[in-house]
Amino acid sequence: MAYGVHGMIFGGNVPVGKLDSSARWSGTLAVLISLTILCLMHWYNLTPLWRNGEINPYWIVFWPTFLLFATSLCSVSAIALVGLGEDRLNEAMKLSVLSVIIAGIALVAMLFDGYFTTAEEFRNALWLAAADILGTVLGVILAIAAFAIVIWSYEKSLPLPSSSPPPSDEEIKHVISIADSHIGGEEE
Amino acid sequence: MREARSSWKLLALAAILPILVLVTINLSISDGYHSESFKRFGNALLTAYVLMGILLLGNLFFYADSRHRPFAPLVGMMVAIGIGLLVTWALISNDDLLLEANSGLRAQVLSNIVHLLVSATAMLLAAVLAIGATFAMITGRKRSILFEEEE
Chain A
1 MAYGVHGMIF
11 GGNVPVGKLD
21 SSARWSGTLA
31 VLISLTILCL
41 MHWYNLTPLW
51 RNGEINPYWI
61 VFWPTFLLFA
71 TSLCSVSAIA
81 LVGLGEDRLN
91 EAMKLSVLSV
101 IIAGIALVAM
111 LFDGYFTTAE
121 EFRNALWLAA
131 ADILGTVLGV
141 ILAIAAFAIV
151 IWSYEKSLPL
161 PSSSPPPSDE
171 EIKHVISIAD
181 SHIGGEEE
Chain B
1 MREARSSWKL
11 LALAAILPIL
21 VLVTINLSIS
31 DGYHSESFKR
41 FGNALLTAYV
51 LMGILLLGNL
61 FFYADSRHRP
71 FAPLVGMMVA
81 IGIGLLVTWA
91 LISNDDLLLE
101 ANSGLRAQVL
111 SNIVHLLVSA
121 TAMLLAAVLA
131 IGATFAMITG
141 RKRSILFEEE
151 E
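If you're matching them up, the sequences are chains A and B in order. Heads up: the first sequence begins at 1 in the numbering used here, then just goes up one per residue. Heads up: the second sequence begins at 1 in the numbering used here, then just goes up one per residue.
Extracted from the complex, chain A is given alone in its bound form:
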């Protein structure tokens, strides 16, 4: 996926580090293959297994979290492109389609059984993944807020810098004479 994303970005119109235009297509293909492999890990026998042939419990944490977060971020990117960029409606639409595709994958997994995982197990895991994402994001925001309060209170308590006295008449005259000598110029 990282190789594909690199190729997709730098195969386009970038001012520096531009790759061959074929990198864009090979990159897109690599991203599609990586997404297909992830889907095969759910719907085919590529599912990571744990001891005694049981499904790896971390896979069922990873997969719904990835799907939920990816669809959410793609949606944010699409709105950000329209809201903050200029004339980016076409690109935003493509990102929205990507968001819907990823949401569609999640929906299919909710409705149809995987190779080792049933649809009900996936639905339970999706609940927990949503709780995980919400908890993690809130925890990070709370920690940043706690330390921001400390820094804000310290910065607020700092004394204001003392202002320097205005220039004297002598100093003003000196500055005017320097400016005059540079602005005037001489006829050749």
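Please keep in mind that the hints were generated in silico from the structure rather than gathered at the bench. Positions of the beta carbon are idealized from the N, C-alpha and C atoms, including for glycine. Honestly, I wouldn't trust all of these hints.
[Said to hold, decoys possible] Label-pair ranges, simulated between beta-carbon atoms: (1) A:Pro-165 / B:Trp-89: 50 to 56 Å; (2) B:Ala-90 / A:Ser-163: 44 to 50 Å; (3) A:Ser-21 / B:Arg-106: 54 to 60 Å; (4) A:Leu-46 / B:Leu-110: 25 to 31 Å; (5) B:Leu-27 / A:Leu-84: 31 to 37 Å; (6) B:Asn-59 / A:Pro-165: 34 to 40 Å.
Following the hints, position chain B against chain A.
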């Protein structure tokens, strides 16, 4: 200023809406919500808060050094512990946070850290895909000529 604020609200809505839609569909298909959802939410919140707090505390040492405020890390630690205790009290008063699969508190702490690592990896990979796709869309457009001299 008002426009900037509304665009932030729109971005927050765009972030939450797809998750809410999927969860709502999940709720309509399933019998009800998962009984351990709140426990997982509480554990994820506290683990992310503690780990992020440790990271920011390290930054506060550099802040204290650069701004000549030697007590800043200590004050930061006190504030972080205070808020952490408040959040923990609020969560525990609602429900027990110990997941049934874990035998004790230490097992729960270790399990939470490993769990957060897995979730964070999934979120990181999702971010790679979303941010990469965004930049790929931006650079995919043909170069527009702004000035005649560019040709």
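Exercise for the section: Check each numbered hint against the structure and report the violated ones by number, ascending. Expected result: No hint contradicted; all consistent.
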